[in-house]
Structures are given as structure tokens and as C-alpha cells.
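Enquirer: Model the full assembly from the supplied sequences, consistent with the hints where possible.
One line per chain: the protein sequences are A and B, in this order.
For reference, each letter of the first sequence is one residue, going 1 to 153 in the numbering used here.
For reference, each letter of the second sequence is one residue, going 1 to 105 in the numbering used here.
It should be emphasised that the hints constitute simulated quantities derived from the structure, not laboratory data.
Among the clues, some could well be false.
What the hints assert, rightly or not - Some chain A residues near chain B, calculated using beta-carbon distances under 8 Å:
#1 24
#2 27
#3 28
#4 35
#5 36
Beta carbons are placed, not taken as given, at the ideal position from N, Cα and C, and that holds for glycine.
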Amino acid sequence: MPIAYIQRTQERYAAFAPYKWAINTEAPWTPLAKPIRDCRLAVITSGGFYLPGQEPFVDNDTSFRVLPKDVNLSQLKIHHHGYRDADADRDPNCVFPMDRLRELEATGVIGELAGALSFVMVYSHRREIQERAPKMIAALKAMGAEAALCVPV
Amino acid sequence: MSSAWDITFAVKPPRAVFINFPLNHETGKAEDAPLQRRILLDAFKAFETLWAPGQILTLPYVWDPSDRGWEDKDFGPGFELYGTGESLQEGFGEKTLQRAGKTGA
Chain A
1 MPIAYIQRTQ ERYAAFAPYK WAINTEAPWT PLAKPIRDCR LAVITSGGFY LPGQEPFVDN
61 DTSFRVLPKD VNLSQLKIHH HGYRDADADR DPNCVFPMDR LRELEATGVI GELAGALSFV
121 MVYSHRREIQ ERAPKMIAAL KAMGAEAALC VPV
Chain B
1 MSSAWDITFA VKPPRAVFIN FPLNHETGKA EDAPLQRRIL LDAFKAFETL WAPGQILTLP
61 YVWDPSDRGW EDKDFGPGFE LYGTGESLQE GFGEKTLQRA GKTGA
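Expert: As C-alpha cells, this is what we get:
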């Protein structure tokens, strides 16, 4: 059985103010206009990845970092409040698969790889929606992204 | 990509694939490039074929065939959430507090 993460998180952080989980009754929908082999694809990760020289994340912020498609995964840093990073440390592709995606771009599975956007969750989905999402959408448009692969950690 | 079915079901992204792996392995196991590639190919096929808003497709991968009970232990009370890759992590929130002496942060 899959883990009931909402319940286990509530138990784990019982001593803290309860997190208000996003519960949506409908899913937004945009049809995929063309096959992935013809799409310019961006990656969105909540893994807190950033590069040396970029500003690290701080607790509860709504910023994000733009990582280039040719990002060297061995240079990545992670800034995250609760994260088992041992495997991601050895091989970031288990959660941020840029090496694999570049291979799939080279073999034509993906039309073209745009960059990636990286962030860390903020403890308010209202702030995600109102503060971060519009900026990320603008960044995706600036990248020319036609589809996005989202990988939450 | 989802490894938390209940959270994804509550959030309802347009479309998702579910992989029943421990969190932070949504695109496969570390240092298993063939598995990572297969999972991404499955995800793209789903991207092109899922037709119902909010649909979550479960991919048939098994984390550890010899341990069918890892879900009972993972993420429960007392579970150490933090990893060992301190070379990557410069400290953040709770972690900074716990390791302040070591990191000097």
C-alpha cells in the first residue's frame, strides 16, 4: 500500500501548527498540443537545487532558481529543510534527471530541452499560488517551454 | 512525477504518474540509468495519452522485491528525515539548528 503521507506528516509534526494541505476538487487541463518529440520541455523541481554562485534558498521563501539545460549535476547544491539527500548526493538523476533528459533529447525522444526551475516548498499553498507561481509561469514562457515535467521531492 | 499518491490526489495536477518508491526517488534509483530512462519514457507516454484531468497513472515498478514492507517503516515516527549528503547541504531550517555546532552555520 502506498504511504499515507498526509496522515504521517500530521503525526510527525503534531507539536507544530497544522499545515493546511491543498485539497482541490478539480484538475486544470491544457491539452498537449503536439507529441513530446516535438516539444520544448522544461523541468520543475522542488528539490532545492542551486548552483555555486547562485543565492541559496532561505526558509519559507518563494524564490526559485533557473538552472541551464547543460547544468553539471556534480556541481549542484541542495538547500532543503527535510530531505534524504544521500541518494540524490550520489546521483541527482534519481530525482532531478537532467542527464537522462539530455540523452533523450539527443535521441529525439524529446524535441528540445529547455532549462529547469528549482525551488523549495513554502509552508503556505496560498503563497505558492499568489507569489511564486506567476513568476515561474513567466520564466517558463521566457524559456519558450511548451510542456513541463514536474518532479516534487 | 509522484511518489506520494495521497498528496497528488489532493492537489490534482493535470496529469501524473505514480511510482511507489520512497520520496526523493521519483525518477528512479540512484545510479540505475536504465531504470531512470524507462521511467521517463513511461512518463512521456502518459503525458501524451492521459485524457482525463487529474488522472494518476500508477507505473508498475517495485522498490525492493525482497522488502514488501518498507512502506510500514518509511516516514514514520522517529524516522530520520535528513540525509548524509552534508557536502551538498549547507544547512537549512531545522537542520541548521541541529547541526549548528558541526557546520558553523
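Enquirer: It remains to establish, for every hint, whether it holds in the given structure.
Expert: To see whether the hints hold, each was checked on the structure:
no., hint, result
1, 24, "holds, 4 Å"
2, 27, "holds, 3 Å"
3, 28, "holds, 6 Å"
4, 35, "holds, 6 Å"
5, 36, "holds, 4 Å"
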